[in-house]
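Use these hints to put chain Y onto chain H, whose structure you have.
Just so you know, the protein sequences line up as chains H and Y, in that order.
Here the first sequence stands for residues 1 to 304, where the numbers follow this note's numbering.
Here the second sequence stands for residues 1001 to 1352, where the numbers follow this note's numbering.
The hints are simulated quantities; they were obtained by calculation from the structure and are not laboratory data.
Just so we're clear, the structure is a prediction, and the values are computed from it rather than from any experiment.
Ideal Cβ positions, reconstructed from N, Cα and C, are used throughout, including at glycine.
Keep in mind that a hint or two might mislead.
Listed below are several chain Y residues computed to face chain H (Cβ distance under 7 Å; list not exhaustive) [what the hints assert, rightly or not]:
| no. | residue |
| --- | --- |
| 1 | G1065 |
| 2 | G1067 |
| 3 | S1166 |
| 4 | G1189 |
| 5 | G1191 |
| 6 | K1192 |
| 7 | S1193 |
| 8 | V1194 |
| 9 | N1195 |
| 10 | A1198 |
| 11 | I1201 |
| 12 | G1202 |
| 13 | K1204 |
As a plain string of letters, each chain reads:
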Amino acid sequence: MKTKKKTASGGNRSEKRFNMALTASGGFIVVLLFAVFATLLAAAVASIKEFGLFFFIGKTWDSSTETFGALPFLVGTLCTSFLALLISIPFSIAISIFLGEYFKEGAVSTFLRSAVEVLAGIPSVIYGLWGLFLLMPAVRLLETQIGAPPHGVGIFTSSLILAIMIIPFSASIGREVITLVPGDLKEAAYSLGATRFEVIKNIIIPYARSGIIAGILLALGRAIGETMAVTMLIGNSNFLPTGIFSPANTMASVIANEFAEATGITASSLIYIALVLFFVTTVVNIIGTYVIQKVSIESSKEVT
Amino acid sequence: MFRDLARAISCAVISISIVLAAFCASAGDMELLGAGATFPQPLYSKMFDAYNQQYKVKINYQGIGSGGGINQLTKKTVDFGGTDAFMTAKELQAAGSPVLHIPTCLGAVVVTYNLPGSPKLNLTPEAIANIFLGNIKKWNDSRIVSANPNAKLPDLPITVVRRADSSGTTYIFTEYLTKVSGEWKSKLGTGKSVNWPAGSIGQKGNPGVAGYVKQTPGAVGYVELLYAIQNKMSYGSIKNKAGKFIEPTLKAVSAAANVKIPDDTNVSLTNTEAADGYPISGFTWLIFYKEQNYANRSKDRAEALAKMLLWAVNDGQKYVEPLQYAPLSKEAAAKANKIVRSMTYNGAPLFK
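Same shape as in the complex, but just chain H:
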């Protein structure tokens, strides 16, 4: 991305002041990020000292004996988010192609686009409630059909709700990169006799691939950190899950559940989890943003 630099026409004080204000607020964001990191680190020190890296392989989370291992939560978070991702990918790609290629304009497109946006804006507690009243009985029915323990809550239910929550994110980014595909390319393909499906398969998808992946990565970041809806639907069991229908727990939901009453080493261990979560989501986001940047640079190169 190119940033336009304007040299302040000498002596224009309001220009300078405006510049300073912008720099200050930009810098403030960076300071905030480091402040969050430092606070988490400081509060987690007691637990880091006590458990070190064994924290990541310990399977027991028991505040009465003060043994803390976060492996069940790591596994729970990874299982739910990746399963959610798997479920959401076909839908988000379909929606992005539909809105980015088939219905670019018109009433239908506007309506659909705003529907997707509304979906993205619904508070997660509402997703949780909806899941509790509709998804949970449905999953329980499915479980009784296939002979799994009929809990109704667990990894599968949470993944479903997460998938619904992240589809709008990957779909809207996917739509944007698909509309970025240069018209010349598509027209060239059509003029060679390609069908619409062939254009999508051979031109649009390959061209927009990295952008779509970036959207999926950003959605993953959201899935990893999602708290409320998952807490309501995962069953909050502090054990390694034994299957996709078994109740489990994620990093975010264990913090939400236990932090209010936690003291001493328990609180510190929860903050240790928060630190790991912070780290993981940051890395996922950085990778996602990096890929998007690369895509837009490439596309601007190719257009010119």
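Same frame as chain H, now just chain Y:
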């Protein structure tokens, strides 16, 4: 549901606002600050509102959980805290100087279930412990049937639901089970959150547990009595130490406290000797420092706090029953009076 959910998210925000409120209060009128247990919060809101109208002293109580209440008092950001569990020796040591506890009312925990026809069940301590340990897997297990010869118990798998967040409710429930079951004592023990057996479902807050039980045939869970009464849930009578099956009522809960109470009121009310007492109940306490001259507190403030506390265990008790909490027994109220009167400022008693 929203109350508990909101609490979890805004915990950090609340602690900040408490600190902010502390600053505001020191500037303006007298306002006492308290924070802690959520279970007695509706009662405290009512009591403190009435107190404000009568004595013109504002009291701001934030329901952030027992652990939070102890934390905030120890950090000296509040004038008093609220807790469902007596402070542990470790917590008392961390507080620096002596902290006093006064009971304000009693809470009880009921075992609630979802069975066709909503039968009234009799539950023995052994049955409850084995259900929550995961040893009894079906409702028609002989250990449940033997106490309920007249009830039709289906061949339905039991789904155990328990609190996912740490809570005073869990503390009282596990304390009871620790007393009545050796296996429970060695495997899980007592705590605001314990290492529940695999396969049990955790839900957040009383509404979470209640909601899951209501939706799932065969589910069993535990919730506060107050919550179960308000939501008209079916719950079991429980066999007490005297061998009687006791239905949880406010009277039966108060009766459980008809026992000898030590001077610091640090007493467990689960499985007491009281013949008509419901066996799963416990006090909820207000906590405060014995020596009130700390962190630049004025004597006025200390006196206002002491007066309010004294009121809470005497005149204030009239608000307890209408809100469906179980009031203090005479003996408990007498001990609480004595404790409040032992508060000092600069070593001199606040009450002459």
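A quick look at each hint next to the structure:
1. G1065: holds (4 Å)
2. G1067: holds (4 Å)
3. S1166: holds (4 Å)
4. G1189: holds (5 Å)
5. G1191: Hint on G1191(Y): holds, closest Cβ of chain H at ~4 Å, below 7 Å.
6. K1192: holds (5 Å)
7. S1193: holds (5 Å)
8. V1194: holds (5 Å)
9. N1195: holds (4 Å)
10. A1198: holds (4 Å)
11. I1201: At 5 Å from the nearest chain H Cβ, I1201(Y) passes the 7 Å test, so the hint holds.
12. G1202: Holds, about 3 Å.
13. K1204: holds (6 Å)
The structure is consistent with each of the numbered hints, conforming to all of them.
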